[in-house]
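Sequences listed follow chains A and B, in order. Everything in the first sequence is counted per the UniProt record's numbering, starting at 1 for the first residue and increasing by one. Everything in the second sequence is counted per the UniProt record's numbering, starting at 1 for the first residue and increasing by one.
Since the hints were derived computationally from the structure, they do not count as laboratory data. These numbers were taken from a predicted model, which means no experiment stands behind them. Just to be clear, a hint being listed does not mean it is correct.
Just so you have them, the derived chain B footprint on chain A, three or more residues with Cβ under 8 angstroms [claimed, not checked]:
1. 81 to 93
2. 116 to 128
3. 138 to 150
4. 242 to 250
Examples of chain A residues lying across from chain B (beta carbon under 8 angstroms, computed) [claimed, not checked]:
5. 255
6. 258
7. 261
Between beta-carbon pairs, the in silico distance windows are [to be verified]:
8. A/39 <-> B/237: 49 to 59 angstroms
9. A/63 <-> B/133: 37 to 47 angstroms
10. B/394 <-> A/280: 16 to 26 angstroms
Even glycine gets a Cβ: it sits at the ideal position worked out from N, Cα and C.
Now for the letters of each chain:
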Amino acid sequence: MSTQSALQRKPRPISTALYRHPKGRLASLLTLPMTWLVGVYILSLAIMLVTAFWTTDPFTSRVKPGFTLDNFAQLATVPAYGMTALRTLGIALAVTLICAAFSVPLAVFMSQVAGPKLRAVLAVLVTLPLWAGYLVKVIGMRLVWTENGFFNWALEPLGISGPGFGVLTVTLTLVYLWFPYMAIPVYTAVAQIPPNLFDASSDLGARGFRTIRTVVAPLLMPSLIAGSIFTFSLSLGDYISAMYVGGSTQMIGSIIAQNINLNPPLAAAFSFVPIVLVIVYLGAVRRTGALNNL
Amino acid sequence: MNKKLLAAPIAMAAALGLALTGCSTDGGTAAGGDGGLQIDVPDVPMMEKLGANEKELNIVAWSGFVEPAWADKFTADTGCVVNRKVAATSDEMVQLMRTGEYDLVSASGDASLRLIVDGNVQPLNTELIPNFGDDIVEGMKGQLYDTLNGNVYGIPIGRGANILEYNSEVVTETPDSWSVVWEKDSPYAGKIAAYDSPIYIADAAIYLMEHQPDLGITNPYALDQEQLKAATELLKQQNAMVSEYWSPATNVTSFTGGNSVVGTSWEVLRKATQDEKFKSVLPKEGATGWSDAWMLATDSKSPNCAYAWMDYTSAPDVNGAIAMNFGMGPANGAFCELSDEAKAHCDYFNATDEEYYKQVWFWTTPIDQCLDGRTDVKCTNYQDWTNAWATVKG
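Only chain A is shown next, with the shape it has when bound in the complex (with noise of 0.2 angstroms):
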């Protein structure tokens, strides 16, 4: 019976081998993946950065290897650069921070509120700008903001004129451009939320507003971060936004852009100026310990 059964089964060389070698196993498993993340991912930002510590012909502009710490002493030594980065920072915290306000209350009136027909407009509203391409969103910004544009048209009856191209339009492009990135993954995170527990808030007296605050606040913290990741990095990256509506604003982006023909090497080390901020704001992150739920 036994040497018959074995006859009957069919050889899988792959199968078997893979299960006599764990390390193969691991190793058919990580290969793709590592090849992307290391050859293609890693690899690429590496030598972009590595290009930081290189000179450039004052002359032709080309890239010469070497060793010199001159172009991030040149970050902190002028006043311009530092002003820029402040100036970035606090545009991305801005946004961060917009984008959490309209968020929750959306959110939870999509998933609470709204019945199943208003919810799935309002979700193709939010998504809706995802649609579009990147630049036609800026250069829409840009036509409504102008000086003859559509707010200015609006706001004239009341005797106000809106702010024109500059900080705070840069402010507003960036709201709208990533607003979908903070209200999706906050309204997946209150649509979890279990409709009884509204109700027990509810029946202990808490009202619309404390409700928010104490049930579902702390409950939104995980997705209101991870939203934040997205929102908060990609302004501290943005300089189309500064080009198309920025009038004279200038972010780390326009800077990069500027140099990232003529001098890479200080692009490249321009470049380290975010990936610093994301660091420190991803280390605070982790302090709340609210990446543990992610």
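We have chain A already, so just place chain B on it with the hints.
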């Protein structure tokens, strides 16, 4: 004004002469301090004779320089399929040419020296380009940015000035000076458009040349540390009044949207507003400008097609078509005689008016050697300008 403008080319010619003798002895790069402008150029051979046309031609060009309206006929005539890559800035063009994937570039003066000195482009045999002849307008021949050490590196396409554009409904009196964009008491503060590039520093230098002669600026592309500092200060003063730093993508809506009412611009962009209330003027201080030329890659895979293209686009009608499409003065003056329309275009862009273009300082790459012939100081290079530009925008 004319006198000092003439001084620069003479100084350049003299410096080039020195460079020729200097290079033969030390063969190195700029030896600063002993002979003015010395530029060591890699030894790239020139084509001696033409062969059979290749199948395709890859061109990096400004938007509007390579269009089916004339490229298709070229393909039909020569069998060379034209692939166009549009670049938005000179810096981008330089980077693209270094990838080795392109045969030709429509380089402006602020890119050409970099391409020549880095060995990215080859000297051209003008005998193989019969259309490059006597009809090429005087001011576009043998400029520093395309002719070096007696070799021609660029075949001129066209030129234009960076004019002062204004909204005539708001700026009712025709401005005759750049002071409306530079002076603190400008009535248009907050509505001023400025070009978003380090090369815009030259615009400030031109204004200083006239209004602060003590600085001793004689060429806006040859600024020593002190002069660059003064120009940067002027730009910082302007920064508070700027409505917008424009790129070609934002210039038109900046004016039509009402955010800017006066500022530097290009004729082609003014035209694109399609509104006659936007007018242009070349102020009395003079202006920066650009002069573009075809340049052939050192490692071009299709040099024969490239030569054919340079010849084709130097013909009066094709050259004129490019100039009319882009909105600039054509390089080939014979175009102006072809028709009334051509004549009107040439008149509008002062195509053959050398007196007009004597007021225009064509973009040139600022380099360590002072282009105005000074040897007692080191000038600032384009990287210094780029760094200074970041401080202007703070």
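Cross-check of the supplied hints:
no., hint, verdict
1, 81 to 93, "holds (count 3)"
2, 116 to 128, "violated (count 0)"
3, 138 to 150, "holds (count 6)"
4, 242 to 250, "holds (count 5)"
5, 255, "holds (5 angstroms)"
6, 258, "holds (6 angstroms)"
7, 261, "holds (3 angstroms)"
8, A/39 <-> B/237: 49 to 59 angstroms, "holds (51 angstroms)"
9, A/63 <-> B/133: 37 to 47 angstroms, "holds (40 angstroms)"
10, B/394 <-> A/280: 16 to 26 angstroms, "holds (23 angstroms)"
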